[in-house]
Amino acid sequence: MEKSRLLYVVLFHTVFASFGEIEANLLNYLTVPVRQFFADSLLQRYGIAPYSSQFEFVYSMVASIFFIGAIFGGAIMGPCMEHFGRRATAVYLRSFLGAFSAICMLLSKWLTIIELFAIGHFIAGVIAAWKIAMFIYLAECAPDHSRGWSTSLIGSGSTLALLLMASLCLPSVFGNDQLWWLLPAFALFLSIFHLCFAAHFPESPKHLFCGDRRNKTAENCHERAKLSIKFYHGSAADVFKVMNQFEQEQQLLTSREHFRWSDFWKIPELRHSLCITLLTSWVFAFSLTNLKSQYLESMLMRYGLTQTGAMVSTMAMIAVTAPFCFLSPVLIERWGRRPLFLLVTSFSVAELALITGAQFASDQTASGGNDATAALALIGFTLGQSSANLGILHMTPILIGELIPHAARSATIQVNLLFASPLFIFIVIAYPPLIGTWGALFFMPMALISAVLLFLLYRWMPETKGLSVNTIFRRMAKLGLLNSSSEGSTTSINGDGYDDEETEALILKN
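Per my numbering, residue 1 is the first one in the sequence shown, and the count goes up by one each step.
Derived by calculation from the structure, the hints in this document are not laboratory data.
Don't take each hint at face value.
[What the hints assert, rightly or not] What follows is a list of derived Cβ distance ranges for each label pair:
no. : residue 1 : residue 2 : range
1   : G436      : L7        : 47 to 55 Å
2   : F360      : Q251      : 53 to 61 Å
3   : W438      : L111      : 39 to 47 Å
4   : F72       : L111      : 23 to 31 Å
5   : G47       : I379      : 44 to 52 Å
6   : A199      : P339      : 31 to 39 Å
7   : Y51       : Y458      : 24 to 32 Å
8   : G47       : Y8        : 50 to 58 Å
9   : V173      : Y51       : 24 to 32 Å
10  : I379      : P79       : 40 to 48 Å
11  : P339      : A49       : 54 to 62 Å
12  : I113      : Y51       : 30 to 38 Å
All C-beta atoms in this analysis are idealised placements derived from N, C-alpha and C, irrespective of residue type, glycine included.
Given the sequences, and given the hints that come with them, work out the whole structure.
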């Protein structure tokens, strides 16, 4: 019963929280009709000629404002999660912003005002960054043995939403000048539906127990946490054991009410956990995932495909790798986090190596791409799409939910966004002016850095499947960063879902 209820909750968020993916990729998937809308608006309001240098500058600025929104959203997400709660940030605020973004895009179409589209695109960047809040929210709601598949399913749903969106963006469907507004209208429906009905789901029990006690009486928070545990874990759940885990996790860092940034330096195991999450953030930043979201079609044409061939190849890659979306929630529980995330990183490194080779071969020919470079690029991009479908986008949120105690999660998210966001923004912005002169040298440093990150993750990433946060944190303290991977699966779990050390602690306490 508890599994089915949790599954329904996760599926609901997977489907109706996908409005963010639609709004984030609107400019990329509807390039032709949206550019025409931009041309009409700029000519009508400012007299800027279509497809002039001024037009291209404005278009690139509107495209870049999405990333500014993502940085802004990442900067304020942590404080919002702490002050308003996990549910309020992931559901109320994110869904409200999703509806506001969609309304701005709709009004921009109907009123032919490009500024409204830019505002909506900026908010879409905030929404994209706040998807991490949804991962953290569900990770704190799910029991330890269900934490992996529940968060992984949300990430897989995002990829499937993009697959559906790609089919709807065909010119014969909604991808034309007359009907493209139906996609933001669909996103508006999803966001309002998500806001209205997800409000009935309880707040994260861990946040009620560990976080809300600063603002409410402990007794009230304990009662609400008990109800939330029974909702997400099932009526037969041992509430005392779950709350005992929360209490142990709360005492991991400090006896003080508030977490301090200096704790990252003072507490070695917290510093080690932060380093591992930073490695996975950099894996995503140096991958081609963000670059392909803006330039995949043009990259395929650079390597020898026609425009039609590039579109068909893109749809074929998405279709061929789609089964990985369904396999990811299964593999993360069957294999564990460490093997799956190492495989994901390996696919990303292989993609970068193959694209570097394709670009190098293209640089050697006067005509640019040919059949060989196109085939090499297609193999590489297919591996990269496999990496995305298996979880390169949600590696970091999952590990933050498992390696970092509750009090430090918001700060950890901010640190990861601070060190990763400028990297992928620079890569996306630098690609158009540099690829023509640098050629393969543009991709080579990314491939080498990603290979180093893969080696470091192989050395340092622990296995966290089915373990509570306090167990994982205690293991990091015992083993240290350099030895965590070699003994990553030595802790046994008994039938109650606790490892032997936790059981002994409970016996001694009672």
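A quick look at each hint next to the structure:
Take G436 and L7: their Cβ atoms lie about 49 Å apart, and the range 47 to 55 Å holds. About 54 Å separates the C-beta atoms of F360 and Q251, a value consistent with the hinted range of 53 to 61 Å. A hinted range of 39 to 47 Å holds for the C-beta pair W438 and L111, which are about 42 Å apart. The beta-carbon spacing between F72 and L111, approximately 25 Å, falls within the hinted interval of 23 to 31 Å.
Separated by about 47 Å at the C-beta atoms, G47 and I379 satisfy the suggested range of 44 to 52 Å. A hinted range of 31 to 39 Å holds for the C-beta pair A199 and P339, which are about 38 Å apart. Taking 24 to 32 Å as the suggested C-beta distance range, the pair Y51 and Y458 does not conform, at roughly 48 Å. Range check, G47 to Y8: about 54 Å between beta-carbon atoms, so the 50 to 58 Å window is met.
A hinted range of 24 to 32 Å holds for the C-beta pair V173 and Y51, which are about 25 Å apart. For the pair I379 and P79, the supplied restraint of 40 to 48 Å holds, since their beta-carbon distance comes to about 44 Å. Hint check: P339 to A49, Cβ distance near 55 Å, so the stated range 54 to 62 Å holds. Our hint of 30 to 38 Å for I113 and Y51 is violated, since their Cβ atoms are close to 20 Å apart.
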